[in-house]
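Novice: Quick note on numbering: the sequence shown equals residues 1 to 59 in the UniProt record's numbering.
Some clues are possibly wrong.
Now the in silico label distances, taken between C-beta atoms and shown as ranges [claimed, not checked]: (1) 18 <-> 44: 15 to 21 Å; (2) 55 <-> 35: 31 to 37 Å; (3) 21 <-> 43: 28 to 34 Å; (4) 15 <-> 47: 25 to 31 Å; (5) 15 <-> 37: 31 to 37 Å; (6) 31 <-> 54: 21 to 27 Å; (7) 18 <-> 41: 30 to 36 Å; (8) 55 <-> 33: 15 to 21 Å; (9) 35 <-> 15: 31 to 37 Å; (10) 26 <-> 55: 25 to 31 Å; (11) 15 <-> 42: 20 to 26 Å.
These are calculated hints, taken from the structure and not from any lab test. For every residue, glycine included, the Cβ atom is placed at its ideal position computed from N, Cα and C.
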Amino acid sequence: MKAFHLLLFDGSLIFSECILIFGLILLLMIDSTSDIKYIPWLYFISSTSLVIYFVTFVQ
């Protein structure tokens with residue numbers, strides 16, 4: 001588990017930026033393909049990507 005922790009959370013800013021970009025692309029794909037205006041999953045995805053970004057950025 002320690003090797004996995006070091007692999008993902010090595011303090012690299014590139015990884016944290018990739019998380020935000022991936023979350024944004026995922027939100028845009030879901031929003032553009034869905035006809036429903038209110039999708040609760042969009043809030044979950046955006047908040048999860050922000051939390052992961054802050055966790056990787058702080059370490």
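Novice: Each of the hints needs a verdict: does it hold here or not?
Specialist: We went through each hint and held it up to the structure:
no., hint, in the structure
1, 18 <-> 44: 15 to 21 Å, "holds (19 Å)"
2, 55 <-> 35: 31 to 37 Å, "holds (34 Å)"
3, 21 <-> 43: 28 to 34 Å, "violated (19 Å)"
4, 15 <-> 47: 25 to 31 Å, "violated (19 Å)"
5, 15 <-> 37: 31 to 37 Å, "holds (33 Å)"
6, 31 <-> 54: 21 to 27 Å, "holds (23 Å)"
7, 18 <-> 41: 30 to 36 Å, "violated (21 Å)"
8, 55 <-> 33: 15 to 21 Å, "violated (29 Å)"
9, 35 <-> 15: 31 to 37 Å, "holds (34 Å)"
10, 26 <-> 55: 25 to 31 Å, "violated (18 Å)"
11, 15 <-> 42: 20 to 26 Å, "holds (23 Å)"
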